[in-house]
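Respectively, the protein sequence lines represent chains A and B.
Under this note's numbering, the residue at position 124 of the first sequence is numbered 124, and the numbers go up by one with no gaps.
Under this note's numbering, the residue at position 11 of the second sequence is numbered 11, and the numbers go up by one with no gaps.
These aren't lab readings, by the way, just hints derived from the structure by calculation.
Everything numeric in this text was worked out from a predicted model, so none of it was measured.
Note that beta-carbon positions come from the ideal geometry of N, C-alpha and C, so glycine has one too.
Mixed in with the good hints there might be a few duds.
Listed next, with one range per pair, are the computed distances between beta-carbon atoms [claimed, not checked]: (1) B/105 with A/248: 31 to 39 Å; (2) A/95 with B/290: 48 to 56 Å; (3) A/95 with B/13: 29 to 37 Å.
Here's a subset of chain B near chain A, in silico, CB distances under 7 Å, partners left out [as the list claims (entries may be wrong)]: (4) 47; (5) 76; (6) 78; (7) 80; (8) 86; (9) 99; (10) 207; (11) 211.
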Amino acid sequence: MTLIELFTWQVWDITRPRKIAAMAAIGFVGPLFAIIWRLAERGHSPDFAYGIIAPVAVYGFSLVLLTIIFASAAVSGEMGAGTITYILTRPVSRVKVLLAKWLAATAVVSLTVILSCAITATVLYGPSLVGSSALPQDLAVIPVGVAVYSAMFVALSALSNKPWLIAIIYVFLFESWVSLLPGDFRNLSVMAHLRALSRHDPPLEPGQAGAFELIFGTPEQIAVVTAASTLILMTVISLTVACLLFTFREYVPKEETT
Amino acid sequence: MIELVGASRWYGQVIGLNDVTCTIGPGITALLGENGAGKSTMIKMITGQLRPTTGEVRVFGHVPFANRTVLKEIGYCPETDSYYDQMTGRQFVQLMARMSGLHSKAVRDAANSAIENVGMAERADTLIAGYSKGMRQRIKIAQALAHDPKMLIMDEPLNGLDPIGRREMKELLVRLAGEGKTVLISSHILHEVEQMTHSILLLHRGRLLARGDIREIRSLIDRHPHRVRVAMDGARQFAPRLLELPYVLSIQFDRNDPQMFEVQTTEPDRFYSKFAEIVLQDGRRVEEFYSPDNNLEAVFKYLVTG
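Starting from the given sequences, assemble the full structure and let the hints guide the process.
Here is the structure:
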């Protein structure tokens with residue numbers, strides 16, 4: 001069975017109606033914030049609103065949460081459903097299966113988040129979106145972010161029965177606070193590297209800069225080249241670990257161990 | 001074709017399979033044992049899902065764990081009642097056939113043929129989520145057959161099937177074995193596999209307790225007194241007639257149910273035919289007739305205690 005066939009099957013599996021509904025709900029958070037912002041507008045520029053909403057709602061919520069849901073189910077989801085038996089007893093390359101799952105999660109989540117980001121920008125900028133430079137940059141960086149997170153969560157999925165728990169701790173606890181830690185801990189945060197690739201620096205007044213930095217850290221500390229190479233390295237390492245685990249580990253659903 | 005040499009498997013502190021050595025060749029072999037005896041563990045080692053902790057497992061001369069050369073030749077029907085529910089039966093069988101290495105052009109015909117073999121042709125295009133347990137079981141068997149493997153490993157294949165379904169599946173498996181395939185069937189129901197094969201492997205608490213011809217094991221069992229429980233009208237008048245038979249050792253009436261009594265016999269097969277004859281002669285109606293010893297638990301008891 002080819003990688004394309006496996007990929008098609010996985011995309012079909014991910015895009016079932018119930019899952020699409022979940023995707024739409026999570027992806028709608030960015031546009032929802034944008035609509036609220038527009039309704040309660042107090043003279044801030046669209047750049048300011050987008051600079052806040054994109055990193056928080058689109059990257060910090062929709063992107064990571066959708067990736068957790070779809071990528072961390074890659075192996076553990078099959079284990080939970082007991083269907084992993086069908087995959088592991090077939091003469092199909094386990095590496096191909098895992099890569100297909102990663103690619104499918106990356107493709108579907110990227111499309112959803114890109115759509116979410118585009119709608120958010122459209123709501124905020126209106127007709128002036130055409131001249132804005134923020135959106136094109138995000139459209140390029142979102143798939144990169146999804147690919148890195150997906151690779152990490154697929155690896156977690158091949159390692160643990162509850163990968164989503166570790167993923168949530170990493171994303172919503174570690175990454176939220178790492179920028180406040182001393183030293184180079186921030187280099188272990190995927191989001192910090194993504195922010196270095198796609199800068200969202202809203203035009204701030206002097207009094208707001210401190211608070212903004214407290215929440216988002218200072219992404220300019222990481223060079224674009226360093227960020228890009230780190231993310232590529234993280235993806236490659238995660239996928240290698242995932243493939244090795246999935247090839248050599250034994251996976252037997254719990255009720256079948258005797 | 002299947003060879004286990006001193007194969008053991010531990011799950012932490014618990015042993016799933018304990019030092020099993022055996023060879024399984026073409027034809028049907030029944031893997032018998034109670035729940036937790038180690039049947040599924042042995043099957044998982046054969047189908048390349050688990051490695052033995054110690055010892056060796058070889059299938060077609062190869063180590064089966066994640067071995068695509070071996071898995072290509074195996075059709076596996078797992079015990080688990082898990083499916084891709086959002087697929088139709090036909091889509092599921094086609095996907096499994098394709099994953100088993102069948103060429104994309106051959107998949108449709110192969111799946112159709114397997115679906116027809118298990119009697120699911122008319123219902124194959126509805127979602128698995130809407131199937132009854134028996135239908136799910138049939139489609140699970142179909143996915144194991146679709147790529148025409150040399151070896152079939154069926155873990156409790158008759159579970160959930162109605163009597164007609166059971167008969168059809170038994171006939172199908174016997175036919176496939178007749179075509180030269182190696183068929184390994186696990187079950188915890190002795191009489192069910194007896195109708196398909198005489199070649200058995202008997203597992204008990206992870207150990208291979210007996211192997212060979214089931215008739216030999218049966219004769220071993222039959223040397224011991226066999227209990228038969230009967231419930232019928234006029235039990236107190238009828239039962240003494242059975243004591244006249246030389247192979248009936250005793251009769252004991254149930255204290256709570258005046259219609260029920262228990263017979264101890266040394267020759268169960270002769271007793272069964274004679275009992276039917278007497279009942280027909282007297283024109284009596286039998287409400288219940290079964291042997292508490294005619295199950296695997298009793299076989300184990302006899303084999304373990306001697």
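Exercise for the section: Output the numbers, in ascending order, of every earlier hint that fails for this structure. Expected result: 10 and 11
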